Amino acid sequence: MNIHSALPSRDKIFRNLLFVSSVIILLVCASMILSLVTDSISAFGEFGFFRFIFSSEWSYQEGNEHYGALPFIVGTLLTTTLALLFCIPFSLPVALFVGEYYKGRRITSFLSTITDLLAGIPSVIFGLWGFYVLRPIVVNLGLSEQGSGILTASFVLAIMIVPYAASLSAEFIKMVPAELKEAAYSMGATRGEVVRHVIFPYCGSGIFSAFILAIGRALGETMTVTMLIGNTNQIPLSITDTGNTMASIICNQFGEANGLRLSSLYAIALILFALTAVINIIGKILIKRAQIK
Amino acid sequence: MENPIIQTNTNILSIKDLCVAYTADHLSVSHVNVEIPRNQITAIMGPSGCGKSTLLRAINRMHELYRGIQVSGQMLLDGHDLMSMDPIKVRRQVGMVFQRPNPFPTMSIADNVMAGYMLNGLHPDKQQRNQIVERSLRSVGLWDEVKDSLTKKGTFLSGGQQQRLCIARALALQPQIILMDEPTSALDPIATSTIENLLTELQRDVTIIIVTHNMGQARRISQKSLFMYLGELVECGPTETLFSNPSHPHTASYLSGHIG
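Chains A and B, in that order, give the protein sequences.
Heads up, the first sequence stops at 1569 in this note's numbering, and the numbers go up one at a time, no gaps.
Heads up, the second sequence stops at 1258 in this note's numbering, and the numbers go up one at a time, no gaps.
Just so you know, the hints here were simulated from the structure itself, not pulled from any lab data.
Honestly, I wouldn't trust all of these hints.
Here are some chain A residues pointing at chain B (derived, C-beta under 8 Å) [as the list claims (entries may be wrong)]:
1. SER1420
2. GLU1421
3. MET1451
4. GLU1455
5. MET1463
6. GLY1464
7. ALA1465
8. THR1466
9. HIS1473
Under the rule of at most 27 Å between Cα atoms (straight-line distance), these lysine-lysine pairs were calculated in the DSS-like manner [what the hints assert, rightly or not]:
10. LYS1379(A) / LYS1087(B)
11. LYS1145(B) / LYS1124(B)
12. LYS1288(A) / LYS1379(A)
13. LYS1457(A) / LYS1288(A)
14. LYS1124(B) / LYS1151(B)
15. LYS1379(A) / LYS1457(A)
16. LYS1014(B) / LYS1450(A)
17. LYS1450(A) / LYS1288(A)
18. LYS1150(B) / LYS1124(B)
19. LYS1151(B) / LYS1564(A)
20. LYS1564(A) / LYS1124(B)
21. LYS1379(A) / LYS1124(B)
22. LYS1145(B) / LYS1087(B)
23. LYS1564(A) / LYS1450(A)
24. LYS1014(B) / LYS1087(B)
25. LYS1450(A) / LYS1145(B)
26. LYS1564(A) / LYS1288(A)
27. LYS1288(A) / LYS1560(A)
28. LYS1124(B) / LYS1288(A)
To give a feel for the contact side, a few chain B residues facing chain A, derived at Cβ under 7 Å [said to hold, decoys possible]:
29. THR1021
30. MET1081
31. MET1083
32. ARG1089
33. MET1094
34. ASN1100
35. GLY1114
36. LEU1117
37. ASN1118
38. TRP1141
39. LYS1145
Remember, predicted model here, so these are calculated numbers, not experimental data.
We put the CB at the ideal spot given by N, CA and C, even for glycine.
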């Protein structure tokens, strides 16, 4: 067989194969969004889009069905915000340690490996740890009676997103040109001053985008939160209250739901999908901008 | 400091038996002894890798920022032992200008000039601040060019203007010595000549040690020249003598273009 005539046609087959696979993925994605939209229509139709979002009632008594997403939206925003706050004092030091203070040293690759490992741990394990180790501590500290709740879930969530925030922040910190740091040192700056006045101003937007992406992870995290948040359907009034996030209410009720309740879960899924998509897109745009600089 | 004999000494810096090693088995700067004259320009020349930048960076103790670089020997700044001083204090008295212009991109032009004060936790009042900014920018001939855009970022300036801004930034702290590591190698000929003229004027107020690849530049602006080869100080003396009558064959062949 002549190799020159054989190659192009094989090439063509291979190229078509790649094309078909890519199209299938796009179709799967599209059908997912389509079903989120079509299956949530009856819930939005019954309660109205804004009333669904701002209603805090979640009652599935037959004949008196009322569904509103507010408790879960509040729960999601609360856990995510708290997780972000808890995660900053861990991920920023790790990022500085890896990206600046011990850059290129063996201890750094060890620490990076450990934090990456943290990112790979299945969330059910975090949930288990949180439930049997952290929850009793919360109870013993007298913070809440049963230990489950927004606070406990947020704390474990924070640990889960540290690797994402830290490793990306470290990349941005590493990108600060040595000549700028040397310029500062050559005028008698200390290391702390270089971090404050040169590194942070230079890569602040990059670090910010890293945290936005970490938020994207926290918003949709399901298993850990479901195991730790206490699963109640009213708006949490304090951070030690129990509650539910958008992800955890779906996880809790999808198996037993039908009709209007299932459609309401779909509606929540659609909101969650849109929220995470927006956050991720914003994060990606910010990262691109920060990298161009 | 109070000793008038030291004050009137014509040499501001005395380097004795200075060695720098990046690895344990090789000296990149080997047993250098040299006196740097006050208020003059001293040029350090030599082929790539001869250790001239390494020598320069030993003076403001930049090597201590990196692990595993060994520096030994003695350096006396007006009789004070540089090696036993706090490196932070050394660097306030011995400024540095780098090969590529490196103004802080996140700061305005005025803030760049004031960066040394800010980084040292000093906060002069507004009047002092304005004085320092104007004085420093005037001394590098940049004042008239940027006085209306002091609050803008310095990134729109040309390379030569940026480098003059960096010199102003170093001058603002009123150091005794400014070290310059090939400050014009990234600049075009016109910007280079502006900076050369500037340095000739600045030497009234500050001692300048300049590493340069450009023999013509060394000859034009410096009064004293050092020629380094393979980490050793081969020859040093008045620039004119070194160029017209080099005593070492390596110097002669470098100046005539045979090595380098």
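*Please name the hints from earlier in the document that this structure breaks, with their numbers sorted from lowest to highest.*
Result: hints 1, 2, 3, 12, 13, 16, 17, 20, 21, 22, 25, 26, 27, 28, 29, 30, 31, 38, 39 break, sorted rising.
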